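2 protein chains.
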Amino acid sequence: MQPIDLLIEPRWLVPVEPHGVVLENHAVAIDGDRIVAVLQVAEARAHYAPRERVELAEHALIPGLINAHTHNPMTLMRGLADDLPLMRWLQEHIWPVEARFMGSEFVRDGVELGVAEMLRGGTTCCNENYFFPDVQAATYRQLGFRAMVGLPIIEFPTAWAQTRDEYFEKGLAVHDEFKGEALLGTSLAPHAPYTVADASFERIRILSDQLDLPVHLHLHETAQEVEDSKREHGARPFARMQALGLVNDHLIAVHMTQLTDAEIAACAEAGVSVVHCAESNLKLASGFCPTEKLRRAGVNLALGTDGAASNNDLDMVGEMRSAALLAKAVANDASALDAASALRAATLNGAKALGWNERIGSIEPGKQADLTAIRLDDIETQPLYHVISQLVYAAGRHQVSDVWIAGQRKLRDRVLVDLDVGELRGKTQRWRERIVT
Amino acid sequence: MQPIDLLIEPRWLVPVEPHGVVLENHAVAIDGDRIVAVLQVAEARAHYAPRERVELAEHALIPGLINAHTHNPMTLMRGLADDLPLMRWLQEHIWPVEARFMGSEFVRDGVELGVAEMLRGGTTCCNENYFFPDVQAATYRQLGFRAMVGLPIIEFPTAWAQTRDEYFEKGLAVHDEFKGEALLGTSLAPHAPYTVADASFERIRILSDQLDLPVHLHLHETAQEVEDSKREHGARPFARMQALGLVNDHLIAVHMTQLTDAEIAACAEAGVSVVHCAESNLKLASGFCPTEKLRRAGVNLALGTDGAASNNDLDMVGEMRSAALLAKAVANDASALDAASALRAATLNGAKALGWNERIGSIEPGKQADLTAIRLDDIETQPLYHVISQLVYAAGRHQVSDVWIAGQRKLRDRVLVDLDVGELRGKTQRWRERIVT
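Protein sequences, first through last, are from chains A and B. Residue numbers for the first sequence follow the working numbering, beginning at 16 and rising by one. Residue numbers for the second sequence follow the working numbering, beginning at 16 and rising by one.
Everything labelled a hint here was simulated from the structure, so no lab data went into it. Please read these numbers as outputs of a predicted model, since none were measured by experiment. Yeah, the Cβ is synthetic: ideal placement off N, Cα and C, and Gly gets one too.
Distance windows between CB atoms, simulated: (1) E438/A to E58/B: 32 to 40 Å; (2) R429/B to W110/A: 33 to 41 Å; (3) V430/A to N40/B: 29 to 37 Å; (4) T173/A to E67/B: 50 to 58 Å; (5) S119/A to T275/B: 51 to 59 Å; (6) S350/A to D191/B: 39 to 47 Å; (7) S350/A to A174/B: 26 to 34 Å.
The following residues of chain B were derived to be distant from chain A, with all beta-carbon distances above 12 Å: (8) M16; (9) E32; (10) V36; (11) V53; (12) Q177; (13) L222; (14) Q257; (15) K308; (16) N372.
Given the sequences, and given the hints that come with them, work out the whole structure.
As structure tokens, then:
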């Protein structure tokens, strides 16, 4: 009998790879931070002596969800201002609050709140994009949460950095400081084509090549952005990024609501990942990302919530559902972005966008044990004909019962293992007091 | 001190009328099935001697949600077939199952499952549209759930009725049988312009006038429906309904994804209610209802889930959110269908569609005590800047804690008062076994 740390025996196992498969009577054997085997329960019990055995009699076990685009510190601004045009929302509400409060404490507390919400919703990894990446990285490390932390670059001064050089210097220092961390990674995060100059993009391109870092960029979020770029640069933003050498397999292009067929083909050709933020795009009236066209063209399509200030949650279960529903209406085809493809977008494709698809995103031997269990015995998910359909179209994030990251239990029967919800609520309410007064 | 049955003291009270208001330190006084007063807590305690007092320290109290279009027996087919074009979905999956199983037992059990899900999601009233309205009505009555039951009319035989005359006769018998019931009402429910002949619509129009009954009709669900009608009848379905005299304030027009500005103006002029089923329209790729245009034109806009076979839930909290998000992208305006308007659509406007706006849909003295309490202390709804925004954009239906219908508690701290969830789950699972074999 081989000693291992953990054996999980779910009612249904959805490994994501192979695609669309639902296994019954199967177990996941975990040792340390890794999955060592996916095998029949009888075989597992005969072969392994686990330190802990977890039976999940009414649950589906899926790979931890990957939120491929978020600004978690902004969770502290959830619902601060809604139902407003983008520019009024930014200029009259979000930016003034950021100008007054953004700093280490704000970022740490916001990330903590975000992690609590993500874990309770089955998310085990996020692609973070905000200021103070040092504080973010330290907070994710402390909480044992997997994250790719963006190194922000923008052409105007903030509390994080004053000048272009300072953005690069401070960002690279963060990269160096956290580079050995098991759960962390860094990306280069130029804000958007309309807030970053060519000179910065050129440096980003070189750094991305040298350090093998993803480039995490808001791109083609609105029609206005495209029009402004044509006027200012004589080119659509995508064409400008092509000219700057940034359209390659390091690019994580977020939003992409405005795309020609040629741009879609170029994304597929170059290995660009597109992150679709269905709910944010709807809420800010940004436009409709042609997700099914992208998928059919072979583009790696991942999903993200965007920040909770424009969503207003970090719910990847809901985001899968919204993306799957919206894709059908946008493609005028009820078979577009089927349930298994939506689940894949929210897991393995997110991993691929980060360059981490050898490490996470599916339940396969050798991968990290990032796992999410979802109860399906609530009457809201009954009767149950197809497990993956139920996960995508009927389940709610509150049905997530247990979560592991790198083999460590982070949520146990809906209770956060490392975070005190009462304390967190108190902290959050104090931020609210400060922000509204 | 005036004796009353119940005094509810929520942290926040959202009466819906007046529009957009959130009251603090207010209570709702209830006697029998009615709201007798909405007043300050101190005043309420000084004036009333309630048999029961309920403090809801972390909750918002709202009018019970009204699902203005659903086919609850179809809840037994939740997730049976997804990601399919409409006609394959109907012809290969839904209709064959209905042909084999639809009958009294199926309808009773489906309604029971639907009621359990609706109550757990804060819904207190539905506008039902399916076969066997006698069984539906008896089941809603037995469970103390408020419902308007459609009397189905369709030009082909089903287990419910064989001929046009039989549909009318059986429907009218149901109307007569249940007409005195406090929580029930009936509507005339011709299926759709493409499945009902002019001769039937003419009888429906006369009956609607004589009996003062709403007409609950799927209308302009898809572009195909409009094209087919032009070919077959030489007119768009809406124009055909106008010619038949059905475009009036009895009409509950469901879906309406294809509308000209003239049709919108005609709806406003005639007092038509439009029921928007955002998630079903997305999932079946039916098209986009121009909800903001309708609202601005003064059309009464209500919300519905449609059946759980094409949604796949009966979640009106989620439907409010989906409708509010989608409206913005469709109108290309981030201020479209703001949170307060979405909540109104899911409550008072639903009541108005049914002709019940003097009875339900807002928390006002004299109205029925149909009430829903939603906890807002979960970290997913923190920090809390604006209560109505949080209800619409961040809260999930699992945060619904307590529900009353006509002053009777139906959900108590998430436990169903009149339904055994275990028994229900067993029944549901037996239906699944029968349907898949």
